[in-house]
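Colleague: Build out the structure end to end from the sequences listed, making use of the hints.
In my numbering, each residue's number is its place in the sequence shown (first place is 1) plus 1100.
Simulated from the structure, these hints should not be mistaken for laboratory data. Quick caveat, the model's predicted, so the values are computed rather than measured. Glycine included, each C-beta is placed from N, C-alpha and C at the ideal position. It is possible that some hints are incorrect.
[Said to hold, decoys possible] Here are the in silico distance ranges between beta carbons for each label pair: (1) GLY1163 with GLU1140: 41 to 47 Å; (2) SER1150 with SER1123: 25 to 31 Å; (3) GLY1183 with ARG1112: 18 to 24 Å; (4) GLY1148 with SER1117: 27 to 33 Å; (5) ARG1167 with PRO1143: 29 to 35 Å; (6) LYS1165 with VAL1132: 23 to 29 Å; (7) LYS1126 with GLY1185: 32 to 38 Å; (8) SER1150 with LYS1126: 30 to 36 Å; (9) GLY1183 with GLU1114: 18 to 24 Å; (10) GLY1148 with SER1123: 16 to 22 Å; (11) GLY1142 with GLY1172: 21 to 27 Å.
[To be verified] Here are the simulated EDC-like pairs of lysine to aspartate or glutamate, each with C-alpha atoms no more than 16 Å apart in a straight line: (12) LYS1152 with GLU1114; (13) LYS1126 with GLU1162; (14) LYS1152 with ASP1110; (15) LYS1126 with ASP1160; (16) LYS1165 with GLU1122; (17) LYS1126 with ASP1164.
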Amino acid sequence: MNAPLSPLPDGRAEVRSFGVDESRNKVLAYGVFHGTHTGEGGPVAPTGKSAKADYVYAMDFEGDKIRHAAVGVGIARYVRQAGLGETVGSAEAVSRG
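Modeller: What follows is the structure, given as structure tokens:
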């Protein structure tokens, strides 16, 4: 099994804003993921194309532990920019809790 970022060996996350709502025990983080499709292990041969995708993490806390986290990622634009396909959908969301 390949590592999740093996097709994007230069993949990195850039946090652009971070907010804390102490009264609701919530934290939000917005950022941009950058990567270039140069590694093996993806759904297609490496394209050499760079891409970026916006993402938002929303986290609920109980004390100092994360109780629930959800992430929204603008994956469709990233997939097109990196040459991985035309579209995956208008938006993808993954929730963990």
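Colleague: Confirm or reject each hint.
Modeller: Hint-by-hint comparison with the structure:
no.	hint	in the structure
1	GLY1163 with GLU1140: 41 to 47 Å	holds, 43 Å
2	SER1150 with SER1123: 25 to 31 Å	violated, 40 Å
3	GLY1183 with ARG1112: 18 to 24 Å	holds, 19 Å
4	GLY1148 with SER1117: 27 to 33 Å	holds, 31 Å
5	ARG1167 with PRO1143: 29 to 35 Å	holds, 34 Å
6	LYS1165 with VAL1132: 23 to 29 Å	holds, 27 Å
7	LYS1126 with GLY1185: 32 to 38 Å	holds, 34 Å
8	SER1150 with LYS1126: 30 to 36 Å	holds, 33 Å
9	GLY1183 with GLU1114: 18 to 24 Å	holds, 21 Å
10	GLY1148 with SER1123: 16 to 22 Å	violated, 48 Å
11	GLY1142 with GLY1172: 21 to 27 Å	holds, 22 Å
12	LYS1152 with GLU1114	holds, 10 Å
13	LYS1126 with GLU1162	holds, 9 Å
14	LYS1152 with ASP1110	holds, 12 Å
15	LYS1126 with ASP1160	holds, 5 Å
16	LYS1165 with GLU1122	holds, 14 Å
17	LYS1126 with ASP1164	holds, 11 Å
Hint violations for this structure: numbers 2 and 10, all remaining hints satisfied.
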